[in-house]
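Asker: Sequence:
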Amino acid sequence: ELLHEEGSELAARTEWQVMTWEATFTTVAAEDQGSIATIVDAIDHTWRSVIKDTMWDRTQREPIVGPLSAREWQAWKANQFAGPYKNFRISLNRILIAPTPEAGHTVAFEFTTRNWLLNAAGTVYKEFITFNDDTPVLDPDIVLAGLKWRSLQRRGLSYGELFTAYERRVTDLIAKDGTKGTKTIGDSSLEGIPQAIPRLIGS
17 ELLHEEGSEL AARTEWQVMT WEATFTTVAA EDQGSIATIV DAIDHTWRSV
67 IKDTMWDRTQ REPIVGPLSA REWQAWKANQ FAGPYKNFRI SLNRILIAPT
117 PEAGHTVAFE FTTRNWLLNA AGTVYKEFIT FNDDTPVLDP DIVLAGLKWR
167 SLQRRGLSYG ELFTAYERRV TDLIAKDGTK GTKTIGDSSL EGIPQAIPRL
217 IGS
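For the sequence shown, counting from 1, position 22 maps to 38 in our numbering; every step adds exactly one.
For the record, the hints were derived by calculation from the structure and aren't laboratory data.
Among the hints, erroneous ones may be present.
[Said to hold, decoys possible] Label pairs and their computed distance ranges (CB to CB):
| hint | residue 1 | residue 2 | range |
| --- | --- | --- | --- |
| 1 | 48 | 177 | 49 to 55 angstroms |
| 2 | 42 | 164 | 45 to 51 angstroms |
| 3 | 87 | 110 | 45 to 51 angstroms |
| 4 | 185 | 53 | 30 to 36 angstroms |
| 5 | 99 | 124 | 19 to 25 angstroms |
| 6 | 100 | 183 | 40 to 46 angstroms |
| 7 | 139 | 177 | 37 to 43 angstroms |
| 8 | 160 | 91 | 43 to 49 angstroms |
| 9 | 149 | 126 | 27 to 33 angstroms |
| 10 | 44 | 191 | 37 to 43 angstroms |
| 11 | 188 | 53 | 30 to 36 angstroms |
| 12 | 138 | 42 | 25 to 31 angstroms |
[What the hints assert, rightly or not] No more than 27 angstroms apart at the CA atoms, straight line, and that leaves these computed lysine-lysine pairs for BS3-like:
| hint | residue 1 | residue 2 |
| --- | --- | --- |
| 13 | 164 | 142 |
| 14 | 142 | 68 |
| 15 | 192 | 142 |
| 16 | 192 | 164 |
| 17 | 68 | 93 |
| 18 | 192 | 68 |
Just so we're clear, the structure is a prediction, and the values are computed from it rather than from any experiment.
All residues carry an ideal CB built from backbone N, CA and C; glycine is no exception.
Could you build all of it, start to finish, from the sequences and the hints given here?
Answerer: Structure representation (structure tokens):
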């Protein structure tokens, strides 16, 4: 119980590179592109969230802006802004795209998974512990440190010092996780996407 509590909470702390995956789908000529769970399940994962600014129409070689918030989506629906790019929103666990895309385009995006465990054979990612030889995909030393302070807390013992050391290690691990890009003045995500597109598609 404590191990699952630690693993699931640690997994939700950031967009860990080891828990970040790519999914693709083929568009239909409708606003509703289908269940995101079905799209992600094709690669045997349970999705947590779509990573902002990663959805691209690879056929058109252009971004699909989002995910939009409820406020942004309703504002767009009411005003139908004639922007250069399509927009998407996640609602009722489904992917909505507007304006309506053409059918047959390949769209890709990155997402974080809830599956923080790997089976002994290294072939199946899982969200819940089912065997003693399941192993975390996250740093096992951090997971163990989390178990130590949680165990003391559960027994009503002093755990403050261990918790502080644990938080320091997690913060350091998050800072070093994956490859961090270099930010420059004028850089942004999709808010400044016209600056980024020439570098990405060579135009």
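Asker: Evaluate each hint against the coordinates.
Answerer: Each hint tested on the structure:
Separated by about 52 angstroms at the C-beta atoms, residue 48 and residue 177 satisfy the suggested range of 49 to 55 angstroms. A hinted range of 45 to 51 angstroms for the beta carbons of residue 42 and residue 164 is consistent with their spacing of about 47 angstroms. Restraint check, residue 87 to residue 110: a C-beta distance of roughly 19 angstroms breaks the suggested window 45 to 51 angstroms. Residue 185 and residue 53 have their C-beta atoms about 33 angstroms apart, which keeps the hinted 30 to 36 angstroms range intact.
The beta-carbon spacing between residue 99 and residue 124, approximately 21 angstroms, falls within the hinted interval of 19 to 25 angstroms. Take residue 100 and residue 183: their Cβ atoms lie about 43 angstroms apart, and the range 40 to 46 angstroms holds. For residue 139 paired with residue 177, a C-beta distance near 39 angstroms keeps the hint of 37 to 43 angstroms intact. Range check, residue 160 to residue 91: about 47 angstroms between beta-carbon atoms, so the 43 to 49 angstroms window is met.
Residue 149 and residue 126 have their C-beta atoms about 29 angstroms apart, which keeps the hinted 27 to 33 angstroms range intact. The beta-carbon spacing between residue 44 and residue 191, approximately 41 angstroms, falls within the hinted interval of 37 to 43 angstroms. Distance hint check for residue 188 and residue 53: the Cβ-Cβ separation is about 34 angstroms, which falls inside the suggested range of 30 to 36 angstroms. Taking the beta carbon of each, residue 138 and residue 42 are about 30 angstroms apart, inside 25 to 31 angstroms as hinted.
A distance of roughly 23 angstroms separates the Cα atoms of residue 164 and residue 142; the hinted pair therefore holds under the 27 angstroms criterion. For the proposed pair residue 142 and residue 68, the alpha carbon gap of about 24 angstroms is at most 27 angstroms, so the pair holds. In summary, the hint linking residue 192 to residue 142 is supported, as the alpha carbons are separated by about 25 angstroms, within the 27 angstroms threshold. Straight-line distance between C-alpha atoms of residue 192 and residue 164 comes to about 23 angstroms, which keeps the hinted pair within the 27 angstroms bound.
A threshold of 27 angstroms between alpha carbons decides the hint, and for residue 68 with residue 93 the separation of about 20 angstroms falls inside it, so the pair holds. The hinted pair formed by residue 192 and residue 68 meets the criterion: a straight-line CA distance of about 20 angstroms does not exceed 27 angstroms.
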